[in-house]
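A.B. asks: Sequence:
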Amino acid sequence: MWLHVENRACISIHPNVKGLKTAVVYEWFHASSSDYSLLPNIDYFVTEGTILITRVSTSHGGKWTCKASNSRGYESSDVHLTVQTPLSLRLYPPAQRVDVGKEVRIECAYRGFPLKDVYWVKDGVQLTLFPRGEIHKGDNVSTLRIHSMDRRDKGLYQCFVEGESQILSQVSQLDLGNSKANIISTFDHQVLQPGSSLSISCKATGSPLPSISWFVDGRPIYGGVFNKTLGKDVFLSTLDISSISASEGGHYSCVAENELGFMTHGQRVDVYGPPFIKPMDPLSVLAASDVLIHCPYTGYPILQVKWTKNGEILPVNERQRVFESNASLQIQNIQLADKGEYTCTISNERSVSARENFELSVAIPPKIEPFHFKDDLQVGGRIRVSCTASLGDLPIKFEWLFNSHRLLEGEHSNGISITTVDAFSSSLVIPKLSTGHSGNFTCVASNSAASDTFSSSLTVNELKLTDYFYSSPTAYLFPSVYCLLPAMCVFIPEDPCSPGQVASIRFLGSQSNSHSSNEPLRLMDGVGLSQSKERTNVTPPEENRILSHGLSVNASLD
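So that you can map any letter, position 431 of the sequence shown is 434 in this note's numbering, and since no number is skipped, the others follow by simple counting.
The set of hints was computed from the structure by calculation and includes no laboratory data. Note that the structure is a prediction, hence the values are computed from the model and not measured. Hints may be right or wrong, so weigh each one.
As the list claims (entries may be wrong) - Think about it this way: if two alpha-carbon atoms lie no more than 25 Å apart in a straight line, the pair counts; the simulated SDA-like pairs of lysine to any residue are:
#1 Lys105 to Gly141
#2 Lys342 to Lys377
#3 Lys70 to Leu84
#4 Lys231 to Trp217
#5 Lys157 to Lys206
#6 Lys400 to Arg387
#7 Lys206 to Thr241
#8 Lys140 to Leu159
#9 Lys377 to Ser460
#10 Lys66 to Phe116
#11 Lys281 to Thr348
#12 Lys309 to Asp220
#13 Lys70 to Val59
#14 Lys125 to His150
#15 Lys400 to Leu286
#16 Lys370 to Ser459
#17 Lys206 to Gly221
#18 Lys281 to Ile224
#19 Lys105 to Leu159
#20 Lys377 to Val319
#21 Lys140 to Gly166
#22 Lys281 to Gly226
#23 Lys309 to Glu362
#24 Lys370 to Ser287
#25 Lys435 to Arg409
#26 Lys183 to His268
#27 Lys281 to Lys183
#28 Lys105 to Leu132
#29 Lys377 to Asn417
#30 Lys105 to Lys70
#31 Lys125 to Leu84
To be verified - Distance ranges between label pairs, derived from CB positions:
#32 Ala426 to Gly234: 48 to 58 Å
#33 Ser248 to Asn406: 57 to 67 Å
#34 Arg58 to Ser151: 42 to 52 Å
#35 Arg358 to Leu233: 36 to 46 Å
#36 Ser202 to Ser151: 33 to 43 Å
#37 Ser430 to Asn464: 33 to 43 Å
#38 Gln173 to Ser72: 46 to 56 Å
#39 Pro282 to Glu327: 18 to 28 Å
#40 Ser151 to Leu239: 53 to 63 Å
For glycine and all other residues, C-beta sits at the position ideal for the given N, C-alpha and C.
Take these sequences, add in the hints, and give me the full structure.
C.D. replies: Below is the structure:
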């Protein structure tokens with residue numbers, strides 16, 4: 004027999020036992036617990052074989068067995084009890100804004116019984132397959148996870164919980180956070196007759212909304228550009244030329260840019276005409292970088308493209324590559340040997356040619372040699388560190404920062420001194436350290452190519468003096484006080500002894516109780532003054548005691 008009851012309801016279960024008529028003893032058992040007839044409980048009781056559960060909970064669900072017995076034997080019957088609980092659902096977070104590349108998590112917590120299904124929907128479409136991430140189902144929670152946020156992931160996510168008689172759902176809004184500019188629609192290579200119209204577009208997304216700029220052979224284009232915003236994160240830019248001429252052919256590119264980055268797309272627009280190469284400006288490239296150089300030619304068709312360096316046809320090594328389709332030269336991992344004069348030469352089927360030269364220089368950015376501060380620096384000490392650029396084109400400019408605050412060259416009120424040593428190094432000097440000098444020091448070296456930085460942390464420790472005085476002050480004949488420190492030792496209010504002594508000694512002469520004192524013992528070492536708070540006690544010797552000629556006084560220094 005099967006029974007269904009709601010949570011917290013009251014139910015009575017009657018035994019379904021036949022055949023036993025007289026002197027019957029009834030016992031009830033639950034599949035997940037002990038014999039209930041032997042364990043009284045405030046939630047249920049048994050009377051004449053009927054068990055009454057006054058406050059049903061989910062723990063009461065399952066198989067119940069009634070056993071009826073008398074002197075002639077016993078019979079049993081089973082009752083299956085299903086406890087229904089209402090559905091509840093909570094989706095977290097209800098809304099979130101996630102940057103591109105970051106992880107996304109949405110949790111759907113639910114309760115209720117019986118439960119048929121839990122599933123997810125995005126923008127009205129059920130997520131049966133989820134290649135962008137994964138859906139994990141645990142105990143009363145389903146988690147949707149996107150490993151790396153992308154523009155296509157934004158939208159409305161719904162979690163559905165389905166029971167036998169009801170369906171619940173909640174919505175979570177996922178918006179795209181900050182993302183660098185990304186070009187999502189571009190233009191292709193075109194070949195035109197003189198006088199034809201040209202219309203090319205670039206569409207970009209990003210947050211903040213990107214801007215788009217246009218270039219031909221690396222030179223900016225200002226006229227004929229039309230911009231339009233599509234939604235809150237899509238930008239469309241179109242370049243129109245109503246009647247193009249042969250001289251307007253070249254490599255056209257659009258650059259989408261926002262605060263987080265930029266992206267470039269470029270293709271050639273060829274116009275029928277004779278070969279011609281526009282003037283090329285000198286080019287400076289950072290060492291170890293890669294460069295792609297376009298030959299700014301016009302004319303179509305072009306039969307041959309040739310690049311040379313100092314008269315030698317390229318490529319000459321595996322770092323160089325010539326692309327005849329767009330007359331470009333690629334050089335990877337730029338080295339000093341790559342500087343020099345480069346020539347681009349083009350020719351058509353009629354052997355009409357054009358050529359143009361440009362100068363390539365290699366710029367070397369600064370490289371700072373690491374510097375560090377010692378770990379055992381104390382108040383009153385001194386330091387000097389040098390920031391040296393072992394590489395880099397001259398001139399090099401140096402700048403120091405202390406806890407992100409700029410330090411000008413010269414002496415400062417806080418005791419820090421900045422000095423230029425030579426063309427490739429700068430020094431930082433602190434002649435007298437204090438705890439206020441603890442912090443982060445950064446050196447910045449800059450030249451026309453780039454900048455390099457290096458930081459080191461300085462910790463100035465408080466001066467810690469160990470105990471320089473030994474044993475308790477027990478007095479004998481002619482006691483004395485020993486101060487084992489190159490310093491100045493004084494018994495207040497007496498006059499100080501001479502500074503610089505390795506041991507300062509004060510003879511007390513014949514001792515007595517009157518020499519005991521609460522007067523402090525002070526120690527000065529040129530950095531500061533330390534004072535002992537310990538009482539000096541003098542105990543006269545007993546008769547016939549062997550007399551010592553010295554008294555050691557133990558004094559701790561604060």
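A.B. asks: Hint by hint, note whether the structure agrees.
C.D. replies: Hints versus structure:
{"no.": "1", "hint": "Lys105 to Gly141", "result": "holds, 23 Å"}
{"no.": "2", "hint": "Lys342 to Lys377", "result": "violated, 43 Å"}
{"no.": "3", "hint": "Lys70 to Leu84", "result": "holds, 17 Å"}
{"no.": "4", "hint": "Lys231 to Trp217", "result": "holds, 15 Å"}
{"no.": "5", "hint": "Lys157 to Lys206", "result": "holds, 19 Å"}
{"no.": "6", "hint": "Lys400 to Arg387", "result": "holds, 19 Å"}
{"no.": "7", "hint": "Lys206 to Thr241", "result": "holds, 9 Å"}
{"no.": "8", "hint": "Lys140 to Leu159", "result": "holds, 20 Å"}
{"no.": "9", "hint": "Lys377 to Ser460", "result": "holds, 10 Å"}
{"no.": "10", "hint": "Lys66 to Phe116", "result": "holds, 16 Å"}
{"no.": "11", "hint": "Lys281 to Thr348", "result": "holds, 12 Å"}
{"no.": "12", "hint": "Lys309 to Asp220", "result": "holds, 18 Å"}
{"no.": "13", "hint": "Lys70 to Val59", "result": "holds, 22 Å"}
{"no.": "14", "hint": "Lys125 to His150", "result": "holds, 16 Å"}
{"no.": "15", "hint": "Lys400 to Leu286", "result": "holds, 23 Å"}
{"no.": "16", "hint": "Lys370 to Ser459", "result": "holds, 16 Å"}
{"no.": "17", "hint": "Lys206 to Gly221", "result": "holds, 20 Å"}
{"no.": "18", "hint": "Lys281 to Ile224", "result": "holds, 16 Å"}
{"no.": "19", "hint": "Lys105 to Leu159", "result": "holds, 18 Å"}
{"no.": "20", "hint": "Lys377 to Val319", "result": "violated, 50 Å"}
{"no.": "21", "hint": "Lys140 to Gly166", "result": "holds, 16 Å"}
{"no.": "22", "hint": "Lys281 to Gly226", "result": "holds, 20 Å"}
{"no.": "23", "hint": "Lys309 to Glu362", "result": "holds, 16 Å"}
{"no.": "24", "hint": "Lys370 to Ser287", "result": "holds, 18 Å"}
{"no.": "25", "hint": "Lys435 to Arg409", "result": "holds, 20 Å"}
{"no.": "26", "hint": "Lys183 to His268", "result": "holds, 15 Å"}
{"no.": "27", "hint": "Lys281 to Lys183", "result": "violated, 33 Å"}
{"no.": "28", "hint": "Lys105 to Leu132", "result": "holds, 21 Å"}
{"no.": "29", "hint": "Lys377 to Asn417", "result": "holds, 20 Å"}
{"no.": "30", "hint": "Lys105 to Lys70", "result": "violated, 61 Å"}
{"no.": "31", "hint": "Lys125 to Leu84", "result": "violated, 38 Å"}
{"no.": "32", "hint": "Ala426 to Gly234: 48 to 58 Å", "result": "holds, 54 Å"}
{"no.": "33", "hint": "Ser248 to Asn406: 57 to 67 Å", "result": "holds, 60 Å"}
{"no.": "34", "hint": "Arg58 to Ser151: 42 to 52 Å", "result": "holds, 50 Å"}
{"no.": "35", "hint": "Arg358 to Leu233: 36 to 46 Å", "result": "holds, 44 Å"}
{"no.": "36", "hint": "Ser202 to Ser151: 33 to 43 Å", "result": "holds, 35 Å"}
{"no.": "37", "hint": "Ser430 to Asn464: 33 to 43 Å", "result": "violated, 23 Å"}
{"no.": "38", "hint": "Gln173 to Ser72: 46 to 56 Å", "result": "holds, 53 Å"}
{"no.": "39", "hint": "Pro282 to Glu327: 18 to 28 Å", "result": "holds, 22 Å"}
{"no.": "40", "hint": "Ser151 to Leu239: 53 to 63 Å", "result": "violated, 26 Å"}
The earlier numbered hints that this structure contradicts are 2, 20, 27, 30, 31, 37, 40.
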